[in-house]
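Residue numbers (the numbering used here), protein chains in the order written: chain P, 1 to 452; chain B, 1 to 89.
Just so you know, the hints here were simulated from the structure itself, not pulled from any lab data. Incorrect hints may have been included.
Claimed, not checked - For lysine-lysine, the following DSS-like pairs were computed, each having C-alpha atoms within a straight-line distance of at most 30 Å:
| id | chain 1 | residue 1 | chain 2 | residue 2 |
| --- | --- | --- | --- | --- |
| 1 | P | Lys316 | P | Lys244 |
| 2 | P | Lys58 | B | Lys70 |
| 3 | P | Lys39 | B | Lys12 |
| 4 | P | Lys58 | B | Lys52 |
| 5 | P | Lys315 | P | Lys245 |
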Amino acid sequence: MLNQKDILSTIEMIDQQHLDIRTITMGISLLSCCDPDAKRACDKVYDKITRYAERLVKTGEDIEREFGIPIVNKRISVTPMALVAGASETEDYVPFALALDRAAKTCGVNFIGGYSALVQKGMTLADEKLIRSIPEALARTDLVCSSVNVGSTKAGINMDAVALMGRIIKDTAKATEAQDGLGCAKLVVFCNAVEDNPFMAGAFHGVGEAEKIINVGVSGPGVVHHALQAVKGQPFDVVAETVKKTAFRVTRMGQLVAQEASRRLDTPFGIVDLSLAPTPAIGDSVARILEEMGLEVCGTHGTTAALALLNDAVKKGGVMASSSVGGLSGAFIPVSEDEGMIAAARSGVLTLDKLEAMTCVCSVGLDMIAIPGDTPAETISAIIADEAAIGMVNCKTTAVRVLPAVGKTVGDTIEMGGLLGSAPVMPVHPESAAEFIARGGRIPAPMHSLKN
Amino acid sequence: MNAIVTVVGQDKVGIIAAVCALLAEYNVNILDISQTIMQGSFTMVMAVDVEKATVSVGDLRTALEQLGEKMEIAIRIQREEIFNAMHRI
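Make the full structure from the sequences, and use the hints.
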C-alpha cells in the first residue's frame, strides 16, 4: 500500500506547484506525401496528419482525467517541410503551411511544428524557397511553427543561411506586426537541432525517425523550487541531490503518460524530454530556482554556475526514470515565458550577454527575447552566429528565438499572452557586425568534429 | 485496476458516508481507508478497486467532483499507477 504522505505530496505538486505534462507530441513522417503536383501534395499532407493524429487530443484528455495529471499541450511535429515540398514543381510553399495549419485545427492540437529546413552545410533550392516563404507562412497561419538548422558540430556554420535568417526574422516581425510580432515566437534558428524534440517552436520529425512516434515533454520548475526551499543554506551537494530526486519523480510520471499514450494510440513511444520548462505563472519559474540557491536576482554573478548545477542534476535524476531520454533535455530559459526572468530582465540585471553565457550550460539558447524593432538584420544574424558557435564548439543544441518589437524600444513590453507570456524589450549592442555577416560562406567545423 | 480517492477539506459530518455511498452506487469496491485531521483539515485517502465499476474512471471523476462541490471539499480519483511511478522504484 502506498503511504498517505506520498499520495498527498503528489497531489500538492499538481495542485500547488504546477506539476504537469507540458506536451504530448506526435511525430509524423510526411515523406510519403511527396508529389510533383503541389496541390495534390498538400492534400496528402492534410489527409495523413488528420488520419494519424485523429485521436491524439481525445486520448490526451482521457489520460489527463484518469490519472489526474494536467497535460497542457497536444502537438504534432512533421518531417521538415522543405524535404516534402521540394518534390513539387512550385515556387510557392505557403500552401504547404496552410495545409499544416488546417490539419492542426482539424485535430484540435495547440501547435504543429516542422515548417523547417536543415541547411547546416548548404541550402538546396527547396530549402531556400521554404526559408524565403517563412514570413508569409507564419503571418497566414495560426498554429504552424517553423525552424531552420544553420549549423552543427559536424558541418560547421552556414553563414549564408545565418545572414538570410537575420532578414527573415525581421520580415516575420513586420509581417505579424499587428500581433506584436507573434510570428517570431513561432520561428527558431538552431545549431545541432535534434530530431525528436517535442517542444515548440523547434519540433520537427527527423528523417531518421519512424513512421509515427509519441514524444513527451515533462515540466516542473515549481516542484524543484519547492523542494529547494526545504534545504535552505545547505551545501551544493545537498542541492544537487534534492534536484535529482525531484527530477526523477517528475520524469517517472512523464514516462508513465508516454507509455500510456503510446499504447492507446498504437504508436511507438519515442522519448521523454527531461526539460524544465517554465510558464509565466507565479511559482513555475526557472529563474526563481536559481534565486532560491542564493542569488539576489537571476542574472547576477553566480547565475551561470547555479544554472549549470540545475541543468546537470535534472538530467541525472531524469535519466534513470525513463527508458529513453531525448529531445532537448535540460533547463529552458525563455525570458517571456518565465515570470522570474521577466522580472530580472525588467530590472536590468539580466542582460542579453548574461543570457548568452547561460546558454553555454543549459539546453537550447537565447529564447523568447524581445529586442528593439530597429535592430539591424545583420545584428540579429550576428546574435545567431554567436549562439550557433556555442552549440557547434560544445557539441550541444543551441537556438535563437528573438522577437524584434516593431516600433518599440528598450523599456517597452510586448505581449503575446498565454504560455508565450510578455517580454520587456532588452538592449542589444549598437555597434555594427554588418561587414562580418556580409562575408558569407561557411565557418568550418571544429577540430573535435573529426572523431572517426 | 486500482485507483486512489483523496478527500481534503473542512471536516464535517457525513463525508465518509457520502463518498462511500457514491462509490457503492457505481459498484466500486473499497480496499483500504486511512483518515486523519492534518493541520485542521480533514484528509482521507482510499484505495479502491474500479475493475468492476459500472462507469469509467473519467466519469467517476466527474461524479466525485460534483459531490465535492456540493460538500465544499476537494475530492479526486486518480489511477494508482501515477503514485507508484513517482514513489516506487
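Structure-based check of each hint:
1. P:Lys316 to P:Lys244: Cα-Cα ~6 Å, so holds.
2. P:Lys58 to B:Lys70: Within the cut-off at roughly 28 Å; holds.
3. P:Lys39 to B:Lys12: Judged against 30 Å, a Cα distance of about 65 Å means the pair is violated.
4. P:Lys58 to B:Lys52: holds, 24 Å
5. P:Lys315 to P:Lys245: Roughly 11 Å between the alpha carbons, so the hint for lysine 315 of chain P and lysine 245 of chain P holds.
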